[in-house]
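Chains as they are written, first to last, in my numbering: chain A, 11 to 124; chain B, 1065 to 1176.
Do not take every clue at face value.
Every beta carbon over 10 Å from chain B, so not counted as near; a handful from chain A, in silico [stated by the list, open to error]:
#1 Arg-32
#2 Glu-54
#3 Glu-66
#4 Asp-81
#5 Gly-116
A partial selection of chain B residues facing chain A, derived with a Cβ cut-off under 8 Å [claimed, not checked]:
#6 Gly-1080
#7 Pro-1104
#8 Pro-1108
#9 Ser-1113
#10 Gly-1124
#11 Phe-1126
#12 Phe-1129
#13 Gln-1163
#14 Leu-1164
#15 Trp-1166
The hints are simulated quantities; they were obtained by calculation from the structure and are not laboratory data. For every residue, glycine included, the Cβ atom is placed at its ideal position computed from N, Cα and C.
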Amino acid sequence: EPEVTQTPSHQVTQMGQEVILRCVPISNHLYFYWYRQILGQKVEFLVSFYNNEISEKSEIFDDQFSVERPDGSNFTLKIRSTKLEDSAMYFCASSDTKLNYGYTFGSGTRLTVV
Amino acid sequence: DQQVKQNSPSLSVQEGRISILNCDYTNSMFDYFLWYKKYPAEGPTFLISISSIKDKNEDGRFTVFLNKSAKHLSLHIVPSQPGDSAVYFCAASENSNYQLIWGAGTKLIIKP
């Protein structure tokens, strides 16, 4: 069964550093998303991406964050100047339709900012 | 601002019995609701959905009920099995949006 792959599974970074979280969506999917879950809290939408541009973003997704699909297969989330409160599980998802139930999530990257 | 609330952080149910997971929402513009299941160290997996034009949707052991007047939905699992032990998230959206608004999750524990 096709799956969404996220690397690394765990990333530790120092406060103020930049991190890039990588995702390989399912190959024929057209819609891409990033979500995060701070430990013990709810899953939060960050951004959606379609046709090489951001479709929608939440208040969380400020100038510190950016997304890119650099080579037609990878979908990356860049976090500049990380803060302690950026520590969370980051989930990438992709779908072949705009309908929400079509999401397939990756296993997540646990980001720890120290 | 918690638009989607799952008030029970955990629920323990005997194997073979019915599990009922509850979810409340405040935004009357929500018209599509989903349940996701999440095992440790894995991403959420879509389980079942319901649109606001229905009040019930069934898929095997899983049934979702929607009460629009009460802004309440529930997920029924019957009979409950050990593999159902997971965290269950309720999520909602306004149909035209990409954004899913998630509840905090309920950890379901199925006791043998």
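Structure-based check of all given hints:
no. : hint     : result
1   : Arg-32   : holds, 15 Å
2   : Glu-54   : violated, 7 Å
3   : Glu-66   : violated, 5 Å
4   : Asp-81   : holds, 23 Å
5   : Gly-116  : violated, 5 Å
6   : Gly-1080 : violated, 28 Å
7   : Pro-1104 : violated, 10 Å
8   : Pro-1108 : holds, 5 Å
9   : Ser-1113 : holds, 5 Å
10  : Gly-1124 : violated, 16 Å
11  : Phe-1126 : violated, 13 Å
12  : Phe-1129 : violated, 17 Å
13  : Gln-1163 : holds, 5 Å
14  : Leu-1164 : holds, 6 Å
15  : Trp-1166 : holds, 4 Å
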